[in-house]
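Asker: Chain by chain, the residues run as shown.
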Amino acid sequence: MRHNAVYTPYHPRWHRTRVSTYWWLGRWSYFLFILRELSSIFVAWVVIYLLVLVAAVSKSAVRYQQFLDWSRNPFMLSLNILSLLFIVLHAVTWFNLAPQAMVVHVGGRRLPGSLIAISNYAGLVAVSIVILGLLLIRW
Amino acid sequence: MSDHITLHVARYRPEKASETTFDAFELPCPKEWVVLDGLNHIKDRMDGTLSYRWSCRMGICGSCGMLVNGEPKLACATFLSDYAPGPVRVEPLRNFPVIRDLVVEMGDFMSKLTRIKPWIVRQVEKPLSDGEYRQTPGELDEYKQFSMCINCMLCYSACPIYGLDPHFIGPAAIALAQRYNLDSRDEGAAERMQILSEHDGIWGCTFVGECTKVCPKHVDPAGAIQRYKLQSAVEWVKAFVLPRAAQ
Amino acid sequence: MTPAFDVVLVGGGGAGLRAAIALAEASQRLRIAVVSKVYPMRSHTVSAEGGAAGVISPDDSLDEHCYDTISGGDWLGDQDAIEAFVREAPQELLRLEHWGCPWSREADGRVAVRPFGGMRKMRTWFAADKTGFHMLHTLFQTSLKYTTVVRYDEWFVTKFLVDDGRVQGVIALELATGRIEAITARAVIVCTGGCGKVFPFTTNAAIKTGDGMALAYRAGAPLKDMEFVQYHPTGLPFTGILITEAARSEGGYLINKDGYRYLQDYALGTPQPKPVLRTMELGPRDRLSQAFMKELDKGRTTDTPYGPVVFLDLRHLGEQLINRRLPFVRELCMKYQNIDPVKELIPVRPVVHYMMGGVHTDINGATPLPGLYAAGEVACVSINGANRLGSNSLPELLVFGARAGRAAADYVAGAKDPGTTVVAQLQDEQRRLEADLLQQRGRERIADIRQEMQLTVEESAGIYRTGASLIRSAAKLRELQERARDFRIEDDSRTFNTERIAALELSFMLDVAEAIVTSALRREESRGAHQRTDFPLRDDQRYLAHSLVQRQPDGSCRVDYLPVTITRWPPAERVYGEAPSDERSHYVARGAIPSGEGV
Chain A
1 MRHNAVYTPY HPRWHRTRVS TYWWLGRWSY FLFILRELSS IFVAWVVIYL
51 LVLVAAVSKS AVRYQQFLDW SRNPFMLSLN ILSLLFIVLH AVTWFNLAPQ
101 AMVVHVGGRR LPGSLIAISN YAGLVAVSIV ILGLLLIRW
Chain B
1001 MSDHITLHVA RYRPEKASET TFDAFELPCP KEWVVLDGLN HIKDRMDGTL
1051 SYRWSCRMGI CGSCGMLVNG EPKLACATFL SDYAPGPVRV EPLRNFPVIR
1101 DLVVEMGDFM SKLTRIKPWI VRQVEKPLSD GEYRQTPGEL DEYKQFSMCI
1151 NCMLCYSACP IYGLDPHFIG PAAIALAQRY NLDSRDEGAA ERMQILSEHD
1201 GIWGCTFVGE CTKVCPKHVD PAGAIQRYKL QSAVEWVKAF VLPRAAQ
Chain C
2001 MTPAFDVVLV GGGGAGLRAA IALAEASQRL RIAVVSKVYP MRSHTVSAEG
2051 GAAGVISPDD SLDEHCYDTI SGGDWLGDQD AIEAFVREAP QELLRLEHWG
2101 CPWSREADGR VAVRPFGGMR KMRTWFAADK TGFHMLHTLF QTSLKYTTVV
2151 RYDEWFVTKF LVDDGRVQGV IALELATGRI EAITARAVIV CTGGCGKVFP
2201 FTTNAAIKTG DGMALAYRAG APLKDMEFVQ YHPTGLPFTG ILITEAARSE
2251 GGYLINKDGY RYLQDYALGT PQPKPVLRTM ELGPRDRLSQ AFMKELDKGR
2301 TTDTPYGPVV FLDLRHLGEQ LINRRLPFVR ELCMKYQNID PVKELIPVRP
2351 VVHYMMGGVH TDINGATPLP GLYAAGEVAC VSINGANRLG SNSLPELLVF
2401 GARAGRAAAD YVAGAKDPGT TVVAQLQDEQ RRLEADLLQQ RGRERIADIR
2451 QEMQLTVEES AGIYRTGASL IRSAAKLREL QERARDFRIE DDSRTFNTER
2501 IAALELSFML DVAEAIVTSA LRREESRGAH QRTDFPLRDD QRYLAHSLVQ
2551 RQPDGSCRVD YLPVTITRWP PAERVYGEAP SDERSHYVAR GAIPSGEGV
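One line per chain: the protein sequences are A, B and C, in this order.
If you read the first sequence in the numbering used here, its first letter stands for residue 1, the second for the next number, and so on.
If you read the second sequence in the numbering used here, its first letter stands for residue 1001, the second for the next number, and so on.
If you read the third sequence in the numbering used here, its first letter stands for residue 2001, the second for the next number, and so on.
Here chain A stands alone, though its shape is the one from the complex (with noise of 0.2 angstroms):
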């Protein structure tokens, strides 16, 4: 980079912007971006969450009644629910991207992007009523 060069007759000074520590809170589009990037965090918590449960279940009762008091805790609860929130984000996020880079062909004929997106978001209500309903079930 020559940022600070002289001008020399004859060859080029460029001026180049550095881009700013804070680039992504100038446009909620970027901010966006960020706020999915750091999705990732609370999507690898989750999974170490449930492998902590997994653990708990198989070892005893009590260690499993050690981990819903420990999860009741207002830390955990609200680790949790912050986790929930950028889950949500990302499945989200994502389902709107899936139209943009499937490209699905019926009967010679491509499918709308919307069409990919509804069904995307029909298999989550799916699935969804699948384990809600096992839940009630059980109880």
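Because the hints were derived from the structure by calculation, they are not lab data.
Since the structure is predicted, the reported quantities are computational estimates derived from the model, not experimental observations.
Cβ atoms here follow ideal geometry from the backbone N, Cα and C, with glycine treated the same way.
Some hints here could point you the wrong way.
Quick partial rundown of chain C residues pointing at chain A, CB under 7 angstroms, derived from the structure [as the list claims (entries may be wrong)]: (1) Ala-2176; (2) Thr-2177; (3) Gly-2178; (4) Arg-2179.
With the hints as your guide, set chains B and C onto chain A.
Answerer: For chains B and C alone, kept in the frame of chain A given last:
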């Protein structure tokens, strides 16, 4: 609506200063005027030293990309009256080195276009005497959208990834690669995939999606990149699962 | 001295790129430079919309395309050149198909063709209504694979190097740095396109300032048929943006303020609901633009703040057809005129579009000046005669770009190297461009002189011309040439100094304007796009000939004439439309015509 509008135009004069400054110009603002008409008025009537690129004035040559109030726009397709009562800030495209005033350096962009081999690649060329390659309207539609790019570079200006890492090959170049990959006459997809699955290729993109939003020709480079990623991932899985079949 | 290149191309549009590829394919040993004042994909070929003519249908024939072109050009085209052009055009278009041009297709995958003005058969290949855009990008992207082609992007050519009567390269200025260099070569091909910016109201891009014509003229090459300037009948008022002829070939109507399809009054046939070839809206451009002027005289046009207009009606075509075949027309109308052609009438008026004349070349693109070739709009072979047919210019730049490339490749094999005088020429030019132009603080604004020149040329050399106004205009142009010596250039920077470029372009345009007005004054007849109200008839006795303007040592110009080459089609009357009919009832609904306000 007022009949005048003020333009704050970025100035960079490499012989005289090392930083950008802004000059203010008060202009008439008829409803037919686009930002480019305003700049031409300044150049012809107020300050002959202002430098910028323009040519066709009908949104097809791709010369006059610049930032209007911080948004990448074609100056010939952006009406001044939409910004009334002003003021309007006009700056060179973001993420590129500035040569002078509103003129940016585009050598890097040009070399990236060349890198993805934007021409028909064939194992065997069909002789002219055999006529045209047949291509149905459906096959044409497969790549048509990606052939609409006018190289205005607004997408590079909107892409924060390119801003942070100038080695990223960028939206327009990847969309152009897809334009040829999806053309039924082309056989070069594998060659291009090698180039684009390198470090600076498609995986640099983390889907901000701004490139598609600012594209004046609805090329959807973000879509082109995501399709490429999907395709690349599928190929990788294929090669992993079916090592022989994939070869 | 050994030149830096074998061939230097000036201009990187359709013709220049086609010539570059032809050279690169002729021999891998040829060193080729493409010097262009803009990046090649910005070139004005990009704006061409409607299509490119080439005979491919089984019911069509080469002779018919020849005849249409010859009669369209009012018998001023050279028939040997036209025959070669028509023969090679389909091959060239096919070659472009092999290079990836996204031509619109029939359902079975063959290339589709559409009708076009003045053509009696459907033979216009098209890529929706962005044909020029797709052709240019295909050519540019294909040219990238030839590593022997060196590009000088954003280098402005200021002078041709002439040594011992031969052209041996160019002197060019790099915009980004202000560096001035001699780019030496054994031959130069000039492909800089037209000069629409000599006129105030034009479809042409800002870069179309006749640079190549003036450069060749100053170097000693004659300019041919410069009086023939094409007005396209349908431009948007204010911007001059072109609404392609394809809008009419798809079935659009031209109507006056009463909703009347007025072309039926001007020997162009009777209106039919569907387009009929060589009839009404599919008549040639010169006739249609002249008909507009007559409607204006009769008070049947609509006044707007940007001049009188008539209307193009596409509403009956339906949204689907417009979106599929004319998407760019719709985009341009909506973006720049705030009008949706699906529902509304498009206001249009004639607008300067194309230069039939140009640098005099033979059938291989060679000018009389050894080492100098020309192709595309900058050249005049001539295939377009007194009026070009729509969709003939795109195949022309391919056919003659390729021909000029091949001819130059042959020429350089036996050509001499440049002599040492080029060094002195470079020094002189550096002095002129730096000491003089960068420090010029005269009184005259570039924009003022440019505007006066444009109004002068339009007033005298517009659609209709008279001797008296041409004489006045010639005097005025001489005065402007004088005043242009006293430019004020405020910008003393070497870096991307567009004001210095504007001054150079204006001086080129003044030379071109002088050539246009002088040849228009000398041609005392009416033919094609050259209509003299004081000489309303075609005069084959005196003017079945090309005008040749040659620059004299004192800077004035001399006009000579060169006979037209006739092979198989002796001069005859131009006939369009069928037999005239009394039935003149084809009105468009009256209530639909907007008033002048707001258009």
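Asker: Determine which of the earlier numbered hints do not hold for this structure and return their numbers in increasing order.
Answerer: Of the numbered hints given earlier, the structure breaks none, since each of them holds.
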